[in-house]
Amino acid sequence: MITRKHSNKVLFTLLGAAISSFGIYNVHAQSNLAEGGSVGLALLAYQ
Amino acid sequence: MLIFGKKFAIQSIFAAVSFAAFFRLYELFPPLLPNIAHLPLLAALLGGILLGSGEGILIQNRVASGFDSSLALVMEKRLSIPVSLWYIVTDTLILLASATYLPLRRLLYTLCTILVSNGTIALFGIRLKPLQAHGSSLFSLLFTPLRGLEMIWEQKIPTLYWHKDQSMASLLWTVEPLTDSLP
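Line by line, the protein sequences give chains A and B.
For the first sequence, my numbering assigns the number 1 to the initial residue and increments by one for each residue that follows.
For the second sequence, my numbering assigns the number 1001 to the initial residue and increments by one for each residue that follows.
One chain only, chain A, in its complex shape:
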């Protein structure tokens, strides 16, 4: 049974993923900035 709590969680997860990937593609990758963690690894592979 999908409750309102579940759908909120899905929506916020999507929102979080959308905002952070927007930042990484439009700012970090374009301006040659690295990052720590898994984002750093992804940027390393992206170069």
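No lab work stands behind these hints: they were computed from the structure.
For each residue, glycine too, the CB sits at the ideal point set by N, CA and C.
A couple of the hints might just be wrong.
To be verified - To give a feel for the contact side, a few chain B residues facing chain A, derived at Cβ under 7 Å:
hint, residue
1, Ala1009
2, Phe1019
3, Leu1032
4, Asn1035
5, Ile1036
6, Leu1050
7, Glu1055
8, Ile1057
9, Val1089
10, Asp1091
To be verified - Away from chain B, derived, C-beta distances all over 10 Å, residues of chain A:
hint, residue
11, Ile2
12, Arg4
13, Ser7
Go by the hints and put chain B onto chain A.
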């Protein structure tokens, strides 16, 4: 994968897949923002705020935002390696690897963007534990590095955590935020 339960695994995989899907979607189009590579400090600030807001929303919803957080949690549970120490090790390795394609100056801006993104995450009101725990000040940590390292190891100073009501100065010393809201 199921060390922390099926629910956590499914949520984190969903977060990772949606992150990748959004990145692929953005890649189909030219960058939406003007190129600010010639203004690296502005880029570091903007990138940090965007990344921090996204990750802040994810962590607030108790979803591990990436592979490294999940791995750090597993290492702590299985090998008793403190999450903070694991983060310092992996982040240093990744930044050193990034040094192969980035000049030193860009790495300094990278440090700046990491501080900004961590600060933004903390602004989301996530409960993080203070750096100056157990009566130790930041200065004693700086001047006695070995003692500091020992305390980090013993997790008397959980470097990853920051308290909502703590000052901004100590926030800057947060290496990587990871909340106890995660399992």
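Discussion item. Of all the hints numbered above, which does this structure not satisfy? Sort the numbers upward.
Written reply: 1, 9
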